[in-house]
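Participant: Sequence:
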Amino acid sequence: MAGPWLKYRGHLGNISNNLLIGAINAENLKANLVQNQFTGEYGPVPATARYYKAQKTPWVVIGEENYGEGSSREHAALEVRHLGGAAIIVKSFARIHETNLKKQGVLPLTFADPRDYMRIDPNDRISILDIERNLHPDNDLTVVVHKQSGESFEFYVKHTMNEGQIRWFKAGSALNLMRQK
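For the sequence shown, full-length UniProt numbering gives the first residue as 1, with consecutive numbering after it.
Keep in mind the hints are simulated off the structure, nothing from the lab.
Incorrect hints may appear among the rest.
As the list claims (entries may be wrong) - Mimicking DSSO-like on lysine-lysine, the simulated pairs with C-alpha atoms at most 27 Å apart in a straight line are:
#1 Lys181 with Lys91
#2 Lys147 with Lys103
#3 Lys30 with Lys147
#4 Lys103 with Lys181
#5 Lys30 with Lys53
When you get a sec, could you build the whole thing from the sequences and use the hints?
Facilitator: So, in structure tokens, the structure goes:
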């Protein structure tokens with residue numbers, strides 16, 4: 001007997017209900033409770049990500065140290081992509097998870113200056129400038145943070161992507177690139 005989860009095998013939509021549900025929100029110190037920036041309401045991470053995806057609004061995770069620890073299975077990265085996540089910006093990554101994000105076409109970025117993490121608030125809007133033009137090996141990217149007050153500031157992020165991994169990103173994932181060939 002395979003258990004009750006067997007019926008969900010291959011159902012990425014259902015598996016994605018696990019997206020970041022154990023992560024603690026720095027704003028409210030609660031797991032699986034984030035504010036929807038469109039509605040102002042608080043809800044589970046997967047539901048909020050689905051809302052953004054329906055609005056065709058890519059989203060970004062801001063995190064601290066060793067992001068992805070314990071989530072080395074490909075599903076953890078695939079869930080981010082499936083629900084419309086564009087980038088993960090953190091102080092550091094768990095190595096295997098960083099690689100899985102790359103394969104799924106999600107940008108794994110680290111703060112060039114880890115102190116910039118403390119400058120970001122939950123209601124800020126994030127823009128990554130000119131990704132298509134500026135994403136090259138060993139080239140930092142510029143992130144603009146738009147505050148609710150109307151002010152903004154920039155900081156730099158680093159990545160470890162090589163040319164092949166950048167092609168994965170531009171194709172949407174490694175599998176998409178293979179399909180194109």
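Participant: Please go over all the hints and tell whether each is borne out by the structure.
Facilitator: Quick rundown of the hints versus the structure:
Taking the CA atoms of Lys181 and Lys91, the gap is about 35 Å. The hint is violated against a cut of 27 Å. For the given pair, Lys147 sits about 32 Å from Lys103 by alpha-carbon distance, which is inconsistent with the 27 Å threshold. Only pairs whose Cα atoms come within 27 Å are accepted, and Lys30 paired with Lys147 is accepted, the gap being roughly 23 Å. Taking the CA atoms of Lys103 and Lys181, the gap is near 16 Å; set against the 27 Å cutoff, the hint holds.
Pair hint Lys30 plus Lys53 holds up; C-alpha atoms about 23 Å apart against a cutoff of 27 Å.
In summary, the numbered hints that this structure violates are 1, 2.
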